[in-house]
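Residue numbers (this note's numbering), protein chains in the order written: chain L, 160 to 452; chain E, 160 to 452.
Calculated from the structure, these hints are not laboratory results.
C-beta atoms are modelled at their ideal positions from N, C-alpha and C, and glycine is treated no differently.
You may find that some hints are simply not true.
Footprint (simulated), chain L over chain E, 3 or more residues, beta carbon under 8 Å [as the list claims (entries may be wrong)]:
id: 1; region: 316-325
id: 2; region: 335-348
Label pairs and their computed distance ranges (CB to CB) [as the list claims (entries may be wrong)]:
id: 3; chain 1: E; residue 1: D426; chain 2: L; residue 2: M310; range: 48 to 54 Å
id: 4; chain 1: L; residue 1: D349; chain 2: E; residue 2: E427; range: 31 to 37 Å
id: 5; chain 1: E; residue 1: G224; chain 2: L; residue 2: A361; range: 29 to 35 Å
id: 6; chain 1: L; residue 1: D349; chain 2: E; residue 2: R240; range: 29 to 35 Å
id: 7; chain 1: E; residue 1: K256; chain 2: L; residue 2: L258; range: 54 to 60 Å
id: 8; chain 1: E; residue 1: P360; chain 2: L; residue 2: D357; range: 18 to 24 Å
id: 9; chain 1: L; residue 1: G347; chain 2: E; residue 2: F241; range: 32 to 38 Å
id: 10; chain 1: L; residue 1: P379; chain 2: E; residue 2: D278; range: 39 to 45 Å
id: 11; chain 1: L; residue 1: Q263; chain 2: E; residue 2: P360; range: 21 to 27 Å
id: 12; chain 1: E; residue 1: A259; chain 2: L; residue 2: D349; range: 19 to 25 Å
id: 13; chain 1: L; residue 1: D184; chain 2: E; residue 2: F241; range: 56 to 62 Å
id: 14; chain 1: L; residue 1: S297; chain 2: E; residue 2: A423; range: 54 to 60 Å
id: 15; chain 1: E; residue 1: A361; chain 2: L; residue 2: L258; range: 15 to 21 Å
id: 16; chain 1: L; residue 1: Q263; chain 2: E; residue 2: A361; range: 18 to 24 Å
This is what each chain is made of:
Number of protein chains: 2
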Amino acid sequence: MADKPIAIIAGAGSLPHLVAKNCRDKGQAVVVAILPGVEASWCRDFVSFSIEFERLGVLFDTFKGHHCYDVVFAGAITRPRFHPEKFDKKTLALAPKLLASLGQGDDQTLRVIGEIFTDEGFTIRGAHEIAPDLLATSGRLGRHAPCKEDMADIERATEIAQALGAVDTGQAVVVAAGLCLGIETLQGTDAMLRFVADTDPALRGKSNIAKGVLVKIPKPGQELRMDMPAIGPDTIINAAKAGLAGVAVMAKSSLLLDRKKTVALADEKGLFLFGMQADPPIDTPTDTATTKG
Amino acid sequence: MADKPIAIIAGAGSLPHLVAKNCRDKGQAVVVAILPGVEASWCRDFVSFSIEFERLGVLFDTFKGHHCYDVVFAGAITRPRFHPEKFDKKTLALAPKLLASLGQGDDQTLRVIGEIFTDEGFTIRGAHEIAPDLLATSGRLGRHAPCKEDMADIERATEIAQALGAVDTGQAVVVAAGLCLGIETLQGTDAMLRFVADTDPALRGKSNIAKGVLVKIPKPGQELRMDMPAIGPDTIINAAKAGLAGVAVMAKSSLLLDRKKTVALADEKGLFLFGMQADPPIDTPTDTATTKG
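Next comes chain L alone, as it looks inside the complex (with noise of 0.2 Å):
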């Protein structure tokens, strides 16, 4: 890791925040900049300005300036509606390149912007990287465990978010005794999770010994550097609220936001947190960036 500060892009969400305490505890210095309609009032502890998606020229100079040469992308990125007529010169040169790539899903979007950065001379890492205290560990997170019923309902939304990852979609699923009751669409996990929480309980049944489980993935593929499934104390208390039984990470290529807080409503509403064992083990990325600079 860099002696000079480290650069976070900064999304929606408590990530960003997050990533920067650890910097700050490491005492390593950060400089953030923050997406537009981010709302980030914690910013004003740091180093900070906001950025343009159109002025990708002052985004790279002003690292450059502040000898930032590691880059974190943390936190919830909404898919920009770009200005063209703001655009300066570097995003002019870049842009055939960029809007290309945003008709091709999240994954493909997120691989090119990485490009862009490593080709102007940045290394990006993972916020896992940085704080790597944030990323889930395997088995019984909690105080609670799924029983033999939410391990059947944890296999079968495996094997939905699976096949789905496949085709570039969703990482989140929700099954209960066996039932499909929620994909996860671009309005994200918590807007899937209060989908569940108003189904028709006639629909639902009335299992008391199989109530549902979350189960949040990756994507085969998925950039997990830029982009790597979350879950934090809203998943838990969206789980609850829909009534599952409990939530299931791969473990080592998700991110637990807030961990202890997390941990602890999902003892205190009676929910399990449960890492699972990625099989084949998922090699997190960690050390295998192009350095340069």
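Position chain E against the provided structure of chain L, taking the given hints into account.
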């Protein structure tokens, strides 16, 4: 087709009524068996009776007493909650087979139910065999046609639906400008369209050329004779509320409930209605059923 009455096992929705009317128009007698929980005030115009899942013996005997040997399953069936203490002798004998199938997905459950009826000497007929006018034809079905961008969304939605079908989940998918906004789960197509309608407009973007499409296709190997994907006036109303450009179904393996009204609504609301050609073409099951005497 038999001169004897046709047995209609009536689930929810307009399909059983449409099938019964179609029979009457042709001078074909029917006996309608109403599933528990189904609102079917229309059934008073036909020879009809209510059935309980727990008394299959009564069901079989009643059909046989009316010399009904051709059975049509029509309308949505909610997964039943059984009361084993009410089982008659016949149901008790069939319970192991039936209950085992319930955990194995809709297709397998329907297949087992079909087998049970066949073993009893009945022949399962598709609603489209009794009322061929219900079958969707190919190409543009109303006044409006999908544009190039809509066709790209149809292709993407079909790809996602096929990936899901492979794991026996969902039949309907919404895609707008390449982005997946909705995937059908147990709650059904209309619930999914309401979820899409509730999507934050900022997330959807403001594309006027690719407003989004609903694609509804059968799962690979779906039991089309007992459960064919269907759309009707409600589908069009909910698709319009969700801001979509149109609806695409698979020709020859989808039912168009109340075709006249469905097409008129699509025309009025500016939505296209499109019948895709299956590739490879689907053989609509019509005359392949085992005929028993």
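Hints and how they fare:
Given a C-beta distance limit of less than 8 Å, the hint that chain L covers the region 316-325 of chain E holds, as 5 residues qualify and 3 suffice. For a cut-off of 8 Å, the count of residues in the region 335-348 of chain E with a CB near a CB of chain L stands at 10, and the three-residue condition holds. The beta-carbon spacing between E:D426 and L:M310, approximately 51 Å, falls within the hinted interval of 48 to 54 Å. Checking the proposed 31 to 37 Å range against L:D349 and E:E427 shows it holds: the Cβ atoms sit about 36 Å from each other.
For the hinted restraint 29 to 35 Å between E:G224 and L:A361, the CB-CB distance of approximately 32 Å keeps it satisfied. Hint check: L:D349 to E:R240, Cβ distance near 30 Å, so the stated range 29 to 35 Å holds. The given range of 54 to 60 Å is respected by E:K256 and L:L258, whose C-beta atoms sit roughly 57 Å from each other. For the pair E:P360 and L:D357, the supplied restraint of 18 to 24 Å holds, since their beta-carbon distance comes to about 20 Å.
Between L:G347 and E:F241, the C-beta spacing of about 37 Å keeps the proposed range 32 to 38 Å intact. Evaluation of the 39 to 45 Å hint for L:P379 and E:D278 yields a pass: the beta carbon distance comes to about 42 Å. With their beta carbons about 23 Å apart, L:Q263 and E:P360 fall inside the hinted range of 21 to 27 Å. For the pair E:A259 and L:D349, the beta carbons lie near 36 Å from each other, so the given range of 19 to 25 Å is not met.
Between L:D184 and E:F241 the Cβ separation comes to about 57 Å, which falls inside the hinted range of 56 to 62 Å. The beta-carbon spacing between L:S297 and E:A423, approximately 57 Å, falls within the hinted interval of 54 to 60 Å. As the Cβ distance of E:A361 to L:L258 is approximately 19 Å, the hint placing it in 15 to 21 Å holds. At about 21 Å, the CB distance of L:Q263 to E:A361 agrees with the hint of 18 to 24 Å.
Going down the numbered hints, you'll see the structure goes against just number 12.
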